[in-house]
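Undergrad: Spelled out, the chains give:
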Amino acid sequence: MAGQIKHMIDSIVEQRAKGNPTIALTTKTKLVLKGLNPDRFDSGSPDDPAVITKVKAIAADLGVHV
Amino acid sequence: MPVRTAYSTKELGDAVSDLKKQCGAPQPRVVIYFGSPKYDPRELSRQMKQCFPEACVAGCSSAGEIASGNMMSGSVVAMFLDEDIVEDAACAVVGNLSAEISMADAFATLGRHFQAPLASLDHEKYVGLVLVDGLSGAEERLMEKLGDATDIFFVGGSAGDDLKFQSTPVSENGKTYSNAAVLVLLRVKRGFEIVKTQSFRTTGKTLVATKVEEAHRQVIEFNHRPALDAYAAALGITAEEAPARFFHNPLGLMIAGEPFVRSPQRAEAGTIFFYCQIKEAMELDVLEATDIVADTRQAIAERQAVNGSGNGAGSIRGLIDFQCILRTLQLRDEHRCEQYGSIFRDIPMIGFSTYGEEYLGHVNQTSTILLFR
Numbered sequence: 179m180a181g182q183i184k185h186m187i188d189s190i191v192e193q194r195a196k197g198n199p200t201i202a203l204t205t206k207t208k209l210v211l212k213g214l215n216p217d218r219f220d221s222g223s224p225d226d227p228a229v230i231t232k233v234k235a236i237a238a239d240l241g242v243h244v
Numbered sequence: 007m008p009v010r011t012a013y014s015t016k017e018l019g020d021a022v023s024d025l026k027k028q029c030g031a032p033q034p035r036v037v038i039y040f041g042s043p044k045y046d047p048r049e050l051s052r053q054m055k056q057c058f059p060e061a062c063v064a065g066c067s068s069a070g071e072i073a074s075g076n077m078m079s080g081s082v083v084a085m086f087l088d089e090d091i092v093e094d095a096a097c098a099v100v101g102n103l104s105a106e107i108s109m110a111d112a113f114a115t116l117g118r119h120f121q122a123p124l125a126s127l128d129h130e131k132y133v134g135l136v137l138v139d140g141l142s143g144a145e146e147r148l149m150e151k152l153g154d155a156t157d158i159f160f161v162g163g164s165a166g167d168d169l170k171f172q173s174t175p176v177s178e179n180g181k182t183y184s185n186a187a188v189l190v191l192l193r194v195k196r197g198f199e200i201v202k203t204q205s206f207r208t209t210g211k212t213l214v215a216t217k218v219e220e221a222h223r224q225v226i227e228f229n230h231r232p233a234l235d236a237y238a239a240a241l242g243i244t245a246e247e248a249p250a251r252f253f254h255n256p257l258g259l260m261i262a263g264e265p266f267v268r269s270p271q272r273a274e275a276g277t278i279f280f281y282c283q284i285k286e287a288m289e290l291d292v293l294e295a296t297d298i299v300a301d302t303r304q305a306i307a308e309r310q311a312v313n314g315s316g317n318g319a320g321s322i323r324g325l326i327d328f329q330c331i332l333r334t335l336q337l338r339d340e341h342r343c344e345q346y347g348s349i350f351r352d353i354p355m356i357g358f359s360t361y362g363e364e365y366l367g368h369v370n371q372t373s374t375i376l377l378f379r
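If you read the protein sequences in the order shown, they are chains A and B. With positions in the first sequence counted from 1, the corresponding number in our numbering is that position plus 178. With positions in the second sequence counted from 1, the corresponding number in our numbering is that position plus 6.
Simulated from the structure, these hints should not be mistaken for laboratory data. Relax, there's no trap hidden among the hints.
List time: in silico PhoX-like cross-link candidates among lysine-lysine, alpha-carbon distance up to 25 Å: (1) K131/B <-> K202/B; (2) K27/B <-> K181/B; (3) K16/B <-> K26/B; (4) K211/B <-> K212/A; (5) K44/B <-> K170/B; (6) K184/A <-> K212/A; (7) K234/A <-> K151/B; (8) K196/A <-> K131/B; (9) K151/B <-> K232/A; (10) K184/A <-> K232/A; (11) K212/A <-> K202/B; (12) K151/B <-> K196/A; (13) K234/A <-> K217/B; (14) K212/A <-> K217/B; (15) K234/A <-> K285/B; (16) K196/A <-> K234/A; (17) K285/B <-> K232/A; (18) K184/A <-> K285/B; (19) K232/A <-> K212/A; (20) K212/A <-> K151/B; (21) K234/A <-> K184/A; (22) K195/B <-> K131/B; (23) K217/B <-> K232/A; (24) K212/A <-> K285/B; (25) K26/B <-> K44/B; (26) K211/B <-> K285/B; (27) K184/A <-> K151/B; (28) K196/A <-> K184/A.
So the derived list for chain B, only partly shown, Cβ under 8 Å to chain A, looks like this: (29) E150; (30) D154; (31) I261; (32) A287.
Reference excerpt, derived from the structure (chain B facing chain A, CB under 7 Å, subset only): (33) G153; (34) D157; (35) L366; (36) G367.
Just so you know, even glycine gets a beta-carbon here, dropped at the ideal spot from N, CA and C.
Taking the hints into account, I'd like the entire structure generated from these sequences.
TA: In structure tokens, the structure reads:
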């Protein structure tokens, strides 16, 4: 399987930004500062379990569900 | 009406009176101040609150102060925000930063004041200032907690002490704290902008942190090589030559084309110690320095143009500049403090030389500026 990480990251950004482009950008910045660069993942990225666990933890920190 | 600012180089008791005299009437809603470590921070804080009892008063120690065109040492600078700029304001303290950081008490204090949870406040109307004990080493964790809990922007700096590295307290409403941060939440009347400017461009070379000691801001390996060797190789120099380049060639976490600068502090047995954390697997660009004065001048000019005036300060009513001490040291070395100060000569402003700047995270070698319209 592939693409789950990008889907989860997109979901985090959407839930947090609620359509606001400024908050979308700052949410992406926060992700990079947490060590998760959204630009490194696309729909073909493998579903690495370690990264998925990390994304879930970050989502929990940000108060959103993925 | 522009923001009122003041500075004094007098001794403690006279300095606070001097600031109050320059402030004039009416009483401000918020007082932000930055004081040289020559002043007893507890006494300075107590006297500032005594002088402005109705205001939300916050400040910290500094490693150099700035007030409208003057870069100084041994002074105290202050900004007085009245209802024309700030409709409402509240302060809170986040204590015990060396332990697990909890925002609960501070957010409850601010939420009670504004009668709404912070997460529900409009990020276009509210903005926060954050002043952190500059020796806490906790800025990354603090900013991450803040950013997790709210989309409101908090901008600020890490307190300094003229490079003594002994004591860098923060103050809130007459009290002084170490191992703590002060938050000031403002509901701004007309608007604000945050400007993060740094004078670097990428060399196009990258380093990936492959072994780190995050909590101690150490990178042990880049690209699976001893960090210092990999850094030196990227610059085409020897490991022995590398520390001399730290200042002009820091690393940048590139986000939307803009670097979040991570400045190397020193090297030890092949490991590089930084002024802020680098996480494992982070890819960083090797940067090279450009011109601080020219870049900052351009950044401010762009803001003046956005605000619809090419004449003087335009509609910038005031700004607070959190300027990295490394930039200040460079300006001092190059005898360019006056040139830098001249950028702000027509703008009511204060600032201080920090041990790091805060904007979304902890950054180095920037001027991070909160600008009031």
